[in-house]
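Asks: These are the residues of each chain, in order.
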Amino acid sequence: MRAATKTSLKKARAGAGKAGASSKPGKRVELLFEIGVEEIPAGMLPRAVGELKTILEKHLAAESLNEGVAVETFGGPRRLTAWVRGLIAKQADVENEVTGPPKSVAYDNAGAPTRAAVSFAEKQGVALHDLLIVKTPKGEYIAAKVVKRGRTAHELLSEILPRVIHDLSWPRTMTWTGLEGARFIRPVRWLVGVLGGKPLKFSFGGITAGDITVGHRFLGKAEIRVRDFADYEKKLLANGVIVRPAKRMEKISRELESHIKRAGSGIRLHKDPDLLQLVTYLNEYPHVIEGTFDGEFLNLPDEILITVMRGHQKYFAMENSAGELVNTFLAVINLAKDPQGLVCIGHRNVLRARFTDARFFWESDQKCKLADYLPKLQRVTYESRLGSYHDKVERMRAIARWLAEQWFNLGMVQAHVADADRAAELAKCDLATEMVREFTELQGVVGGLYARAQGEAEDVADAVYDHYLPVGLDDPIPRNLTGCAVALADKIDSIVGCFSAGVIPTGSSDPYALRRAALGIVKIILDRKLPVSLSLTIGAAAKALLTHPPKKAVTPAQEAQVLEFLLDRARFVLREKHGYAYDEVNAVFRAGSEDLVDVEKRLRALKAVRKTKNFEPLAVSFKRIRKILEKANLPAETAQHVNVDLFEKDAEKALYAAVRKAAGKVSEDKRAGKYQEALDEIAGLRKVVDQFFVEVMVMAEDEAVRKNRLALLAELLREFTTIADFSELGGEERK
Amino acid sequence: MTVKAKLEVKHKGLTFQDLFLKLAHFWGKQGCVLQQPYDMEVGAGTMAPETFLRVLGPSPYRVAYVQPSRRPADGRYGENPNRLYKHFQYQVILKPAPAEIQDMYLKSLEAIGIDLRAHDVRFEEDNWEAPTLGAWGIGWQVLLDGLEITQFTYFQQSGGIELDPISVEITYGLERICAFLQDVESVYEIRWTEDKSYGDIRLAEEQQLSEYSFDRSDAQALRAEFELHEKESRELLEGWKHLEGNVGAPTIERIRYPLLAAYDHCLKCSHLFNLMDARGVISTTERAALMARVRTLACRTASAYLEQSAEAKSGVRG
Chain A
1 MRAATKTSLK KARAGAGKAG ASSKPGKRVE LLFEIGVEEI PAGMLPRAVG ELKTILEKHL
61 AAESLNEGVA VETFGGPRRL TAWVRGLIAK QADVENEVTG PPKSVAYDNA GAPTRAAVSF
121 AEKQGVALHD LLIVKTPKGE YIAAKVVKRG RTAHELLSEI LPRVIHDLSW PRTMTWTGLE
181 GARFIRPVRW LVGVLGGKPL KFSFGGITAG DITVGHRFLG KAEIRVRDFA DYEKKLLANG
241 VIVRPAKRME KISRELESHI KRAGSGIRLH KDPDLLQLVT YLNEYPHVIE GTFDGEFLNL
301 PDEILITVMR GHQKYFAMEN SAGELVNTFL AVINLAKDPQ GLVCIGHRNV LRARFTDARF
361 FWESDQKCKL ADYLPKLQRV TYESRLGSYH DKVERMRAIA RWLAEQWFNL GMVQAHVADA
421 DRAAELAKCD LATEMVREFT ELQGVVGGLY ARAQGEAEDV ADAVYDHYLP VGLDDPIPRN
481 LTGCAVALAD KIDSIVGCFS AGVIPTGSSD PYALRRAALG IVKIILDRKL PVSLSLTIGA
541 AAKALLTHPP KKAVTPAQEA QVLEFLLDRA RFVLREKHGY AYDEVNAVFR AGSEDLVDVE
601 KRLRALKAVR KTKNFEPLAV SFKRIRKILE KANLPAETAQ HVNVDLFEKD AEKALYAAVR
661 KAAGKVSEDK RAGKYQEALD EIAGLRKVVD QFFVEVMVMA EDEAVRKNRL ALLAELLREF
721 TTIADFSELG GEERK
Chain B
1001 MTVKAKLEVK HKGLTFQDLF LKLAHFWGKQ GCVLQQPYDM EVGAGTMAPE TFLRVLGPSP
1061 YRVAYVQPSR RPADGRYGEN PNRLYKHFQY QVILKPAPAE IQDMYLKSLE AIGIDLRAHD
1121 VRFEEDNWEA PTLGAWGIGW QVLLDGLEIT QFTYFQQSGG IELDPISVEI TYGLERICAF
1181 LQDVESVYEI RWTEDKSYGD IRLAEEQQLS EYSFDRSDAQ ALRAEFELHE KESRELLEGW
1241 KHLEGNVGAP TIERIRYPLL AAYDHCLKCS HLFNLMDARG VISTTERAAL MARVRTLACR
1301 TASAYLEQSA EAKSGVRG
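If you're matching them up, the sequences are chains A and B in order.
Numbered according to our numbering, the first sequence spans residues 1 to 735.
Numbered according to our numbering, the second sequence spans residues 1001 to 1318.
Source of the hints: derived by calculation from the structure; they are not laboratory data.
Be aware that one or more of the hints could be misleading.
Calculated pairs, PhoX-like style, for lysine-lysine (alpha carbon to alpha carbon, straight line, at most 25 Å) [unchecked claim]: (1) A:Lys-529 x A:Lys-551; (2) A:Lys-337 x B:Lys-1107; (3) A:Lys-221 x A:Lys-271; (4) A:Lys-251 x A:Lys-271; (5) B:Lys-1196 x A:Lys-221; (6) A:Lys-529 x A:Lys-314; (7) B:Lys-1086 x B:Lys-1241; (8) A:Lys-337 x B:Lys-1012.
Here are the in silico distance ranges between beta carbons for each label pair [claimed, not checked]: (9) A:Arg-515 x B:Ala-1111: 31 to 37 Å; (10) B:Asp-1126 x A:Thr-722: 55 to 61 Å; (11) A:Gln-313 x B:Ala-1111: 25 to 31 Å; (12) A:Lys-58 x B:Ala-1111: 55 to 61 Å; (13) B:Gly-1113 x A:Lys-234: 31 to 37 Å.
Stretch-level coverage of chain A by chain B, calculated; a stretch enters the list once three of its residues show a Cβ under 8 Å from a Cβ in chain B [what the hints assert, rightly or not]: (14) 328 to 334; (15) 346 to 356.
Heads up, the beta-carbon is just placed ideally off N, CA and C, and yes, glycines get one too.
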């Protein structure tokens, strides 16, 4: 890129300054860029479309081609498209002054150029008589004015576009031409690059770009010449491809809507925004067709019907006003129409076969009771060092019972030890059923359905059904307390067990989804406001691991590691989901983190009080106090007695009096859970604290006086950082 | 009226055997060697040496064959209309994968009577992996009106070896396609010929082999057989390692060395593993361990086979 051009330097010299531009406002042109690929997995497309835009913008910026440019990108199963408007046709020329060797080296005593001057001029591509002398602080040097000629967008894009394709990232790439060949998500089969109506010259993976695109597999032509984006969009539409995902989604929504309308009153779509997005990216020319299935399949639970329709066939389900499924489905096909209804018949047959399978499992699984599957879990390994699922169930029972008992003793009347025990016992049984083997995503749900159908208590059945929840942070938590107990027991057992076996999540490796389990624990506790001591719960899980197979001892260090792991997730949830600031979370955690519900309460109070005028200045003072104490090697936590007789200044006395007075009130408020009142009380100390620092020199000459003042500050910090440690507030946001 | 009656008698779609023939005819014209099924129990067409070994190394190859595939755990005593202990795959390997392979495949669907404009044919992400073979690839399942009819894969690795060139594997599920073409609800109703049904020919096999693998096989004997075959395969592979000579100096001993037999024993292990699995005598942990043992044999065979075939190509000396 640094190659200096040797031609017509003088002409280019017209420019001025060290790196002055010398071009007139250039012509603007449009780029059409398309990567033609064999079917890209639909789930990856939305991200790829976004990334294509960012990467393209980045490369354009690197070549100063981005100014005033609009980049839009689109994607479908067989293509990624970029439309760039307002590209500068040619880069501006740039003049640079390049400094060479010192003048004393470049010219001999007679003033004739030496070899050094000659080779410098040659290297820079300028004539000897064009060399300049520049003055620098180090002395006089020779220099050359070098003009970097602006290159055309045409040239640059031919270099940029292959790199853009290369830079797109995918979860897993492949090669189709051999180990030395290009890598991409699926084989690249054609490329379109047209700039200002002219095809660009570049290639990738052995494919040469041109101005020929490809239509829909069955509805379009295989070779379509295009001039620009408008031409491209229009011609592709005529060839069965809707380029813009938004338009495809709109078409699907509109057609779904019209089927719903025709279905009659009260009928509605079983809402599924993820499915809508998926089918948008699965089809180049989406079209909605309607089919029906035998009404007797409606005897199967909705969960199973929907999983079959949605997960496997990607059909939309329909329901009546009561939310019950009806025997109609809507499928999105990649064709303009289904005139003979053949596609519809095909889909209907497939669905019937799938439902028949599901019914077969539903009936054959229930030839015995859910609990009868328990012994079979002995053969299902959870983790080689942690034994079978049967072992895990025994541990879960112990932990769930312990939790329920704790809650019951705290006066939570819904806590039911026997139910928690039974639900934990049944929770994993469905792993041995045919239905879950076929539809793994229905684990838990199937167990819950069988439990209900077989007359288990509703509380127990619901708990079994829900105990994998929450899977993500936006998921609901188990609907009843028993479900929460089983879910917590399952998750804490996984974490403690795996940590004790050395299976600790690192980077992207988290095979047992322990991070998700930890987030689930945090979410259940916070959402349901459960009184759960984290360390005691970890202790209960450790005890279960010791008293039940594999009878493994968990070391205190491992327990501490688990606690830190959970707290780390808790901080994350409080920041990302509850919207607390980094320093607020740190401040509150420093004042204690055993009870997450209490943590959240303190955070809420802190956030409210923080906005009041006294608070931030007080926080600054607290920070100062902590620094002073640290410097004096006197942590706030070490007890020191304040001696009132040693006070010299009024401000000291005033502060002490204020502290004593506020302390009583604060601890009273705190006990009553009135954190905001307590914090207001503390904020009220601002004036006396400020006054103290104005009047009092803490590090007094007299050792006794100094120690007494430090003791006063230590007490202040000790008394008033039990809700949140304000000295953590403010400063840089750290990540 | 008589005309109408005649029309009703005429059945819809190709017979099962005509389906084989049409596909063979089609792929034969694309330059494929039309092979016969491998004569041992395999779980999939991929396991036949014509795929597993041929995709290794640099030599171009095109082959197509029907492969009866046994999956004991999928048996349903002949009572489920869609699930079988044994089914038939039509297996096609093109090495290297031609650029127009998707179109070629779609033409094969037309050749068996599928009107691509009247049906919804699509390629949906489905990467394939065979852990017991140390093999994986990138590709799709092909859906015909929502029905999975083909697995379409660009092999990336086989026997733990990175492939170069890349082969494409096309595996048609013949029963499903035929049931679709004939518009019947159960595989057993498929007309194999004009007067014999799939059920006439295969039902007894499904009933008996399901009964055997779920209820009557002798787990201890299966285990012992597994050990025996594994031992023989391993010993053969050890023998190759200690054989005189090295790459570039092939001897007749090296060229005759029975690595293909080592692979046959590996295939036996794989089938015995499937039988034990169906019998329900393998725990999840043991399962992983047994699979790793089969994989070790497959991977070792693959690398030995590569050495041997390179030598064979360079010609025998001395």
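Asks: All hints are to be evaluated individually against the structure, with a verdict given for each.
Replies: Verification of the hints:
| no. | hint | in the structure |
| --- | --- | --- |
| 1 | A:Lys-529 x A:Lys-551 | violated (32 Å) |
| 2 | A:Lys-337 x B:Lys-1107 | holds (21 Å) |
| 3 | A:Lys-221 x A:Lys-271 | violated (36 Å) |
| 4 | A:Lys-251 x A:Lys-271 | holds (17 Å) |
| 5 | B:Lys-1196 x A:Lys-221 | violated (42 Å) |
| 6 | A:Lys-529 x A:Lys-314 | violated (37 Å) |
| 7 | B:Lys-1086 x B:Lys-1241 | violated (36 Å) |
| 8 | A:Lys-337 x B:Lys-1012 | holds (23 Å) |
| 9 | A:Arg-515 x B:Ala-1111: 31 to 37 Å | violated (51 Å) |
| 10 | B:Asp-1126 x A:Thr-722: 55 to 61 Å | holds (57 Å) |
| 11 | A:Gln-313 x B:Ala-1111: 25 to 31 Å | holds (27 Å) |
| 12 | A:Lys-58 x B:Ala-1111: 55 to 61 Å | violated (47 Å) |
| 13 | B:Gly-1113 x A:Lys-234: 31 to 37 Å | holds (35 Å) |
| 14 | 328 to 334 | holds (count 3) |
| 15 | 346 to 356 | holds (count 8) |
Of the hints listed earlier, those the structure fails to meet are numbers 1, 3, 5, 6, 7, 9 and 12, in rising order.
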